[in-house]
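Going down the list, the protein sequences come from chains W and V.
Using this note's numbering, read the first sequence as starting at 1 and increasing by one per residue.
Using this note's numbering, read the second sequence as starting at 165 and increasing by one per residue.
Hints in this document: simulated from the structure, not taken from any laboratory.
Glycine included, each C-beta is placed from N, C-alpha and C at the ideal position.
Honestly, I wouldn't trust all of these hints.
[Unchecked claim] Under the rule of at most 30 Å between Cα atoms (straight-line distance), these lysine-lysine pairs were calculated in the DSBU-like manner:
#1 W:76 to V:168
#2 W:2 to V:320
#3 V:166 to V:248
#4 V:236 to W:72
#5 W:84 to V:327
#6 W:4 to V:240
[Unchecked claim] Covered by chain W, per the in silico footprint, the following chain V stretches (three or more residues, Cβ under 8 Å):
#7 166-176
#8 180-189
#9 211-223
Protein chains: 2
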Amino acid sequence: WKTKQEMADEALFLLLHNEMVSGVYKSAEQGEVENGRCITKLENMGFRVGQGLIERFTKDTARFKDELDIMKFICKDFWTTVFKKQIDNLRTNHQSIFNLSTAKFLHLRKFDQWKVYVFCSFQYLAFTCGLIRGGLSNLGIKSIVTAEVSSMPACKFQVMIQKL
Amino acid sequence: WKTKQEMADEALFLLLHNEMVSGVYKSAEQGEVENGRCITKLENMGFRVGQGLIERFTKDTARFKDELDIMKFICKDFWTTVFKKQIDNLRTNHQSIFNLSTAKFLHLRKFDQWKVYVFCSFQYLAFTCGLIRGGLSNLGIKSIVTAEVSSMPACKFQVMIQKL
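Chain W with its partners taken away, still in its complex shape (with noise of 0.2 Å):
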């Protein structure tokens, strides 16, 4: 159960991730091409959110033990702090490779109402790629993050670290 803050926040971040999306396609021309610029534009404003969040959470945080400990933070303190629960899964191929799957995404709410929506989901996970790159980033991995929509409102996302 949220309380009334957490819900609160929630619909403040919801609203400004919405306005974010809307205007950057607002500002671009249409077309395929314009579409890739927007969802790296969207990547961009993550990844610079993501390294601000970091910074300020990372202040009084011990010390990482290794990679594994960092996604742990990531899908822990990271991610509820922005989205105000866990990630319900995390998966790795102890290599480079982390799957992070949530049973319900935030920014996919409103495909649940309005399905012809469904296409143009990839521009509503964008930022939250970049969150996380940038997130990573800001604690010395450097990585690829993607995400996939298998099913409504599911969403996972792929980590995968590049080794220096």
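For chain W, the structure is supplied; the task is to place chain V on it using the hints.
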């Protein structure tokens, strides 16, 4: 004193807001006319977010007695949800003007450090003006909201209610 979660929410909002402001400005051409259009765009974003928030907040709220009652709600509940503190001072001429002042406005924080940004300050106030106007609009009050920075980071918002 703020909790860790409140500080995190504040940071998230601050970072998202900064991304919105710089996103709107980056996507526009430079020049004075365009600057006016950016302000309007940010104000409109704030308006829609304010409408959305009030819609969610007032679901279980008792009906308001009058305009002063509504303004008090905006200064207490609404402001606390968004900014994690109340408006410090509310004054009215008991006709149609309300002055809301706050000694430390969240989005003016960076100006403490970089004084050069002081002239651009209105771009950091437009979204919040819209937020108030959108909130009031959903409560049936048509208004014009302006902002004024006398000494950083203090800030005053003026609400002029438009009688029908």
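Taking the hints in turn, this is what the structure says about them:
1. W:76 to V:168: 15 Å, holds
2. W:2 to V:320: Violated, at roughly 33 Å.
3. V:166 to V:248: Holds, at about 8 Å.
4. V:236 to W:72: 42 Å, violated
5. W:84 to V:327: 40 Å, violated
6. W:4 to V:240: At roughly 15 Å apart (the allowed maximum being 30 Å), residue 240 (chain V) and residue 4 (chain W) satisfy the hint.
7. 166-176: holds (count 6)
8. 180-189: Check passed, 6 qualifying residues.
9. 211-223: holds (count 6)
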